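Q: Given next are the chains, with one letter for each unit.
There are 2 protein chains.
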Amino acid sequence: MSSNVPTTGLQLRSLVTKDGKLELSLAEVPVAEPGPDDVVIQVEATPINPSDLGLLVGGADMSTAKASGTKDRPVITADVPPPSLRALAARLDQSMPVGNEGAGVVVKAGSSPAAQALLGKRVTALGGEMYSQYRTLNIQQVMELPAGATSRDGASCYVNPLTALSFVETMRAKGGTGLVHTAAASNLGQMLVKICQKDNVPLVNIVRKKEQADLLRSIGAKYVVDSSSPNFMEELITALAETGATIGFDAIGGGPLAGQLLIAMEAGATRNMKEYSRYGSGKETQVYIYGRLDMSPTIVPPGVGFAWNLSGYLLTPFLQKAGAETRARMRQRVMDELTTTFASAYTAEISLAEALDLETLHAYNAKATGTKYLINPAK
Amino acid sequence: MSSNVPTTGLQLRSLVTKDGKLELSLAEVPVAEPGPDDVVIQVEATPINPSDLGLLVGGADMSTAKASGTKDRPVITADVPPPSLRALAARLDQSMPVGNEGAGVVVKAGSSPAAQALLGKRVTALGGEMYSQYRTLNIQQVMELPAGATSRDGASCYVNPLTALSFVETMRAKGGTGLVHTAAASNLGQMLVKICQKDNVPLVNIVRKKEQADLLRSIGAKYVVDSSSPNFMEELITALAETGATIGFDAIGGGPLAGQLLIAMEAGATRNMKEYSRYGSGKETQVYIYGRLDMSPTIVPPGVGFAWNLSGYLLTPFLQKAGAETRARMRQRVMDELTTTFASAYTAEISLAEALDLETLHAYNAKATGTKYLINPAK
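Residue numbers (numbering that gives the first Met the number 0), protein chains in the order written: chain Y, 0 to 378; chain C, 0 to 378.
Bound conformation, chain Y alone (with noise of 0.2 angstroms):
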């Protein structure tokens, strides 16, 4: 099988120069030669998530993007705006590549017996430079997925999945006994809410439109609200007081909505207090920002009680403090859930050279709810 590989791959790179110009390019690079635990593996499914857009794209303002190059080797230009630059000082002209996580085939193995073992295998990967035709990572960088999978059922199963139980893990770890969610209809919000059923937690999921909250009550979500409702902030109110939940996930980051849940939370707390207090509730209440949708600034004002956090948060810090026990027995979930709770649901299927036309960037640029690209390398 290893007789098949050929000494080379295309990759997808991302270059930011010291004169402000963002450039996205295919490079012809060697395929490395594992080592006696690393796998080469043929990637064939690689989503494009919130995460990857931020390397991928830098701080450039996308609305001066340019296409140029060949079909076969595409290349996209735009312009990076100086405060942006600045924040990119550490990477500026260094070709840096992209893709968080992938799932594809075994096709060389190193010596070692646990590498041998994969070969030929199906395996899912968190490994960095995804948008690869083919990567060499270390057997603990990769999991081999259940039979029957398909690259694409295991190309999230890290990033979505393990964020979702993150927040589980998280609210248990803090005594909480409620959750709250923004952008609650992204494929990890729909995962949140099956992990919420399954698990028996109460879950407030926070959509931007109708449609989305038609779709979380489909799939069994009880509290949905809908942010562009008139009652809005008395609705959310009412389903925090409801449900106790006093722990947010925000996806939004920018704007009034983080203010708005630390807010609605604490109100909720108050609400049933019998005696004044000038300090508040003195409930704890906690919003972790875990993505900026929307890169204004966050608002955060006076209401909110004196016992609120707001915080950013991160998955990989959360893994590194969780503990191995933890982590593999969140892994584990993921793979026995694979198709059910933590199944994805795709826009599209692109090649690499597809994922750098000019109007599919855009299209996935865009971050909309339910929008959610794939990369098929192999393509």
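Worth flagging that the hints you see were computed from the coordinates, not collected in a lab.
It should be emphasised that the depicted structure is a prediction, and the values quoted were computed from it without experimental measurement.
There could be a bad hint or two in this list.
Using C-beta positions, here's what the derived DEER-type ranges look like [as the list claims (entries may be wrong)]:
{"id": "1", "chain 1": "C", "residue 1": "Asp-198", "chain 2": "Y", "residue 2": "Gln-93", "range": "58 to 64 angstroms"}
{"id": "2", "chain 1": "Y", "residue 1": "Glu-233", "chain 2": "C", "residue 2": "Glu-348", "range": "46 to 52 angstroms"}
{"id": "3", "chain 1": "Y", "residue 1": "Glu-241", "chain 2": "C", "residue 2": "Gln-115", "range": "52 to 58 angstroms"}
{"id": "4", "chain 1": "C", "residue 1": "Ser-62", "chain 2": "Y", "residue 2": "Glu-233", "range": "28 to 34 angstroms"}
{"id": "5", "chain 1": "C", "residue 1": "Arg-171", "chain 2": "Y", "residue 2": "Ala-172", "range": "57 to 63 angstroms"}
{"id": "6", "chain 1": "C", "residue 1": "Asp-18", "chain 2": "Y", "residue 2": "Ile-218", "range": "47 to 53 angstroms"}
{"id": "7", "chain 1": "Y", "residue 1": "Asp-356", "chain 2": "C", "residue 2": "Arg-171", "range": "53 to 59 angstroms"}
{"id": "8", "chain 1": "C", "residue 1": "Arg-85", "chain 2": "Y", "residue 2": "Met-61", "range": "38 to 44 angstroms"}
{"id": "9", "chain 1": "C", "residue 1": "Ala-89", "chain 2": "Y", "residue 2": "Glu-233", "range": "16 to 22 angstroms"}
{"id": "10", "chain 1": "Y", "residue 1": "Ala-26", "chain 2": "C", "residue 2": "Ile-218", "range": "55 to 61 angstroms"}
Mimicking BS3-like on lysine-lysine, the simulated pairs with C-alpha atoms at most 25 angstroms apart in a straight line are [as the list claims (entries may be wrong)]:
{"id": "11", "chain 1": "C", "residue 1": "Lys-221", "chain 2": "C", "residue 2": "Lys-197"}
{"id": "12", "chain 1": "C", "residue 1": "Lys-221", "chain 2": "C", "residue 2": "Lys-208"}
{"id": "13", "chain 1": "Y", "residue 1": "Lys-221", "chain 2": "Y", "residue 2": "Lys-193"}
{"id": "14", "chain 1": "C", "residue 1": "Lys-320", "chain 2": "Y", "residue 2": "Lys-282"}
{"id": "15", "chain 1": "C", "residue 1": "Lys-193", "chain 2": "C", "residue 2": "Lys-366"}
{"id": "16", "chain 1": "C", "residue 1": "Lys-282", "chain 2": "C", "residue 2": "Lys-173"}
{"id": "17", "chain 1": "C", "residue 1": "Lys-282", "chain 2": "Y", "residue 2": "Lys-320"}
{"id": "18", "chain 1": "C", "residue 1": "Lys-320", "chain 2": "Y", "residue 2": "Lys-320"}
{"id": "19", "chain 1": "C", "residue 1": "Lys-65", "chain 2": "C", "residue 2": "Lys-17"}
{"id": "20", "chain 1": "C", "residue 1": "Lys-173", "chain 2": "Y", "residue 2": "Lys-320"}
{"id": "21", "chain 1": "C", "residue 1": "Lys-320", "chain 2": "Y", "residue 2": "Lys-173"}
{"id": "22", "chain 1": "C", "residue 1": "Lys-173", "chain 2": "Y", "residue 2": "Lys-282"}
{"id": "23", "chain 1": "Y", "residue 1": "Lys-173", "chain 2": "Y", "residue 2": "Lys-282"}
{"id": "24", "chain 1": "Y", "residue 1": "Lys-208", "chain 2": "Y", "residue 2": "Lys-366"}
{"id": "25", "chain 1": "Y", "residue 1": "Lys-173", "chain 2": "C", "residue 2": "Lys-173"}
{"id": "26", "chain 1": "Y", "residue 1": "Lys-20", "chain 2": "Y", "residue 2": "Lys-70"}
{"id": "27", "chain 1": "Y", "residue 1": "Lys-193", "chain 2": "Y", "residue 2": "Lys-173"}
{"id": "28", "chain 1": "Y", "residue 1": "Lys-221", "chain 2": "Y", "residue 2": "Lys-208"}
{"id": "29", "chain 1": "C", "residue 1": "Lys-221", "chain 2": "C", "residue 2": "Lys-193"}
{"id": "30", "chain 1": "Y", "residue 1": "Lys-173", "chain 2": "C", "residue 2": "Lys-282"}
Where a beta carbon is used, it is the ideal one built from N, C-alpha and C, also for glycine.
Use these hints to put chain C onto chain Y, whose structure you have.
A: Chain C alone, transformed into the frame defined by chain Y:
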């Protein structure tokens, strides 16, 4: 001695009515008989802290304030706008006593030996309702002042000293090695400068005016950054990178400052990073908002990294969690350093009636840094 204690005394009251009126007045209230473990204090000095003003003027629009009543029994009325009124629902139509802390002489004592031992002594108390001529409190709520200390010396033994000490305790508990403080020229800020000097904790002081910077430098502050400087952010980042401070306490609350602190902490932490990470420095940063001198919303832009935390902060929950031993140690230090580290400066000493003089009220309600009023109900 107890024979001289009158049966009633004046007490400052704050009332917000259902129809949206604030009324401040002096009520004649009975002096409560002391139980076995209680003492009756003739209050001689009680400060007007920002935390008292919250209860005193509530959410009233003080530009509508009017004076009435007599010279001895002045009355202030003002309108409370509907949004504030909703937040005050739990206190409507209840006449509230005010004043967190103060000092005075024990003029009557309960039967227990511990209470009797305090008779005739000068004590400081954290008891609420201190804007009163007489206040009956359990001996657990009072501390005897050191020999020679006046009530003025001992009026502010709790709120500011314990809050300033709690900042350093909190920093240590979180494994921090330096602090940032805003509105740093305040009485509390000056205490913090002295504490940090003694304890060898690097402290970055943020002030808004050159005179405030000069004042802090004159008492030995090493890092003072003036937010009115055109190079504010650069100077702040430099000070934070140099001190390694990633924990801040902010008394302003509203506006951009808390977000600027988080950005500067992250920039300080990334300044020496060798490799680009789109997830920032990974260094955990924390800003606590412990006051709201600015009632506008808090603004947190992107650029704060992903391990940032912004939280409300109150002394009381800190003390509850800290445990009896830590509390006792902190209180002992306040007594030991009462006229040095924890000396307070007052703009004026006023009577209860003068506290309800319209011009005086506007002056102390402005909460200008370096302006602090002391009420002497015995005056």
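Q: Confirm or reject each hint.
A: For each hint, the structure was consulted:
The supplied range of 58 to 64 angstroms is broken by Asp-198(C) and Gln-93(Y), whose beta-carbon atoms lie about 43 angstroms from each other. At roughly 48 angstroms, the beta-carbon separation of Glu-233(Y) and Glu-348(C) lies within the given 46 to 52 angstroms, and the hint holds. For Glu-241(Y) and Gln-115(C), the hinted distance range of 52 to 58 angstroms is satisfied, since their beta carbons lie about 53 angstroms from each other. As the Cβ distance of Ser-62(C) to Glu-233(Y) is approximately 31 angstroms, the hint placing it in 28 to 34 angstroms holds.
Roughly 23 angstroms separates the CB atoms of Arg-171(C) and Ala-172(Y), a value that falls outside the hinted 57 to 63 angstroms. Hint check: Asp-18(C) to Ile-218(Y), Cβ distance near 49 angstroms, so the stated range 47 to 53 angstroms holds. Between Asp-356(Y) and Arg-171(C) the CB atoms are about 55 angstroms apart, so this pair conforms to the stated range of 53 to 59 angstroms. Against the hinted window of 38 to 44 angstroms, the Cβ-Cβ separation of Arg-85(C) and Met-61(Y) comes to about 43 angstroms, which satisfies the hint.
At roughly 18 angstroms, the beta carbons of Ala-89(C) and Glu-233(Y) sit within the given window of 16 to 22 angstroms. Hint check: Ala-26(Y) to Ile-218(C), Cβ distance near 60 angstroms, so the stated range 55 to 61 angstroms holds. For a cut-off of 25 angstroms, the pair hint linking Lys-221(C) to Lys-197(C) stands: about 13 angstroms separates their Cα positions. A distance of roughly 16 angstroms separates the Cα atoms of Lys-221(C) and Lys-208(C); the hinted pair therefore holds under the 25 angstroms criterion.
Between Lys-221(Y) and Lys-193(Y), the direct Cα distance comes to roughly 11 angstroms. Compliance with the 25 angstroms bound is thereby established for this hinted pair. Simply put, Lys-320(C) and Lys-282(Y) have alpha-carbon atoms about 14 angstroms apart, close enough for the 25 angstroms limit, and the pair holds. Taking the CA atoms of Lys-193(C) and Lys-366(C), the gap is about 22 angstroms. The hint holds against a cut of 25 angstroms. Taking the CA atoms of Lys-282(C) and Lys-173(C), the gap is about 13 angstroms. The hint holds against a cut of 25 angstroms.
Simply put, Lys-282(C) and Lys-320(Y) have alpha-carbon atoms about 14 angstroms apart, close enough for the 25 angstroms limit, and the pair holds. Simply put, Lys-320(C) and Lys-320(Y) have alpha-carbon atoms about 23 angstroms apart, close enough for the 25 angstroms limit, and the pair holds. Restraint check for Lys-65(C) and Lys-17(C): the C-alpha separation of about 19 angstroms stays at or below 25 angstroms, so the hint holds. A threshold of 25 angstroms between alpha carbons decides the hint, and for Lys-173(C) with Lys-320(Y) the separation of about 16 angstroms falls inside it, so the pair holds.
Using a Cα cut-off of 25 angstroms, the hinted pair Lys-320(C) and Lys-173(Y) holds, with the two alpha carbons roughly 16 angstroms apart. Restraint check: the Cα-Cα separation between Lys-173(C) and Lys-282(Y) comes to about 21 angstroms, which is no more than 25 angstroms; the hinted pair holds. Among the hinted pairs, Lys-173(Y) with Lys-282(Y) is consistent with the structure: their alpha-carbon atoms are about 13 angstroms apart, no more than 25 angstroms. Annotation: proposed proximity of Lys-208(Y) to Lys-366(Y) holds, straight-line Cα distance about 15 angstroms (limit 25 angstroms).
Taking the CA atoms of Lys-173(Y) and Lys-173(C), the gap is about 17 angstroms. The hint holds against a cut of 25 angstroms. In summary, the hint linking Lys-20(Y) to Lys-70(Y) is supported, as the alpha carbons are separated by about 21 angstroms, within the 25 angstroms threshold. Taking the CA atoms of Lys-193(Y) and Lys-173(Y), the gap is about 21 angstroms. The hint holds against a cut of 25 angstroms. For the hint linking Lys-221(Y) to Lys-208(Y), the alpha-carbon distance of about 16 angstroms falls within 25 angstroms, and the restraint holds.
Proximity of Lys-221(C) to Lys-193(C) is assessed by CA-CA distance (about 11 angstroms); at most 25 angstroms being required, the pair is judged to hold. A threshold of 25 angstroms between alpha carbons decides the hint, and for Lys-173(Y) with Lys-282(C) the separation of about 21 angstroms falls inside it, so the pair holds.
In terms of the numbered hints stated before, the structure departs from hints 1, 5, listed from lowest to highest.
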